[in-house]
Amino acid sequence: MNRELFPALAVSLIMTLLLEIGFFLLIGKRQKKDLLLLVLVNILTNPPVVLLYWLAVLYTDLNASLIKIPLELFAIFTEGYLYNKYGQNFKRPYLFSAAANLFSYGIGALLQLFFRRYGYV
Amino acid sequence: MFKRFWIFLLLCSLLLPRLIASADVLIEPNNDFYNRQKTECERLDRYFYANGASGSVSLKTEPGVRGVLSGVVENGEVINILATYNYQGETWGVTQIHTPDTPYDKLPNGWVPMSQLLPEYDSISFSEEHQSEIYSYAGNYEELQAVVEFTIWAWPGSGIIRGTFLTANLPEDMDAYYADSPAYRDEDGREWVSWGYMFGIRNVWICLSDPANDSIPAFNPEPPLDFHRSGDPAAETLTKKLSLPWLIIILVSALVVITFILIRIFWKTNS
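Line by line, the protein sequences give chains W and C.
Just so we're aligned, residue 1 is where the first sequence starts under my numbering, counting upward by one.
Just so we're aligned, residue 1001 is where the second sequence starts under my numbering, counting upward by one.
Read the hints as simulated data drawn from the structure, not as lab findings.
Beta carbons: idealized from backbone N, C-alpha and C, even for Gly.
Possibly wrong hints are sitting among the right ones.
[To be verified] Under the rule of at most 27 angstroms between Cα atoms (straight-line distance), these lysine-lysine pairs were calculated in the DSSO-like manner:
hint : chain 1 : residue 1 : chain 2 : residue 2
1    : C       : K1268     : W       : K29
2    : W       : K32       : C       : K1038
3    : C       : K1268     : W       : K85
[As the list claims (entries may be wrong)] What the simulated footprint calls covered on chain W by chain C, stretch by stretch (three residues with Cβ under 8 angstroms from a Cβ of chain C suffice, anywhere in the stretch; the number is not a length):
hint : region
4    : 21-30
5    : 33-41
6    : 96-108
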């Protein structure tokens, strides 16, 4: 299973980074140090969140959708806290974190749906 | 009056396929890959034991490494492989796991390499094992028609009763209908015949020599199977001997710690 979870974690992290970096630039932010912080913060939160999700799905009877909600909230608050504590130019760090996570989650879900439906994945 | 009649007729026409279909329902997995590749899949509908090298098998949403995990089945658990698909030279099977009170579209399903499964001993296994002893039945069914009710078995000598049926429900021309069915004579001289499909049950055996007897001893029980166990020395690599995700848990934890230390070192806290 390690061989199967590794690609799932890697793909999830790469997609999240691409989308959140995209969101960061999309809203006009350009500070390099804040961008690097965003990358590290997502490396900090994304793999454990994805891993916890898969462990819960595979080893418990919990509803997959219900598992996602607390995990996403955990990611949002942790990232918001780190942006607030270490960010140079995050005026509303928690709002940024929530918006970035919603953006990456939403676009990611749409992409996954598209690729699966048309057999590219 | 006429309007009500046409509405009634419409309702009946909507119900009719369901009434017909309820007689023999062909279960198909609710799986996107299966639905896309249905014409390339072969129906199987056979039970297998999970037998992964690491103590379990992982179900994927589709065959191949790009498939996302959709479940885990521990070795020794039985799953029904509904269909198979040849993916780059390897045969994969799709299963749908039925859990009580779960709607059909929420049932967990997934694909697994057939090489990680062991077939549950069944009529097909028996037929393969006794291939040289099985012949084409050329007789009639007088002994069967002489009883009111007969017993159907999983295979000769299995000790597993699949059900009992009334002879009156059999086709009138059963000699022709069941002509040339596979037959087998056991060591005690009892003659058995196999029917491929009967009232929703597949691959059944009837003891023609004693059709009503439901106490025929299990002289040919299911052979014991040896499953891979977690930590089995036969496992291929050291990482597989670990309880499955521990390696990843350790690596992810290390990544989190290192990343947090980097942030603490290179970023000043805001006042």
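Hints, one by one, checked against the model:
{"no.": "1", "hint": "K1268/C with K29/W", "result": "20 angstroms, holds"}
{"no.": "2", "hint": "K32/W with K1038/C", "result": "50 angstroms, violated"}
{"no.": "3", "hint": "K1268/C with K85/W", "result": "8 angstroms, holds"}
{"no.": "4", "hint": "21-30", "result": "violated (count 0)"}
{"no.": "5", "hint": "33-41", "result": "holds (count 4)"}
{"no.": "6", "hint": "96-108", "result": "violated (count 0)"}
Hints 2, 4 and 6, counting from the list given before, are not met by this structure.
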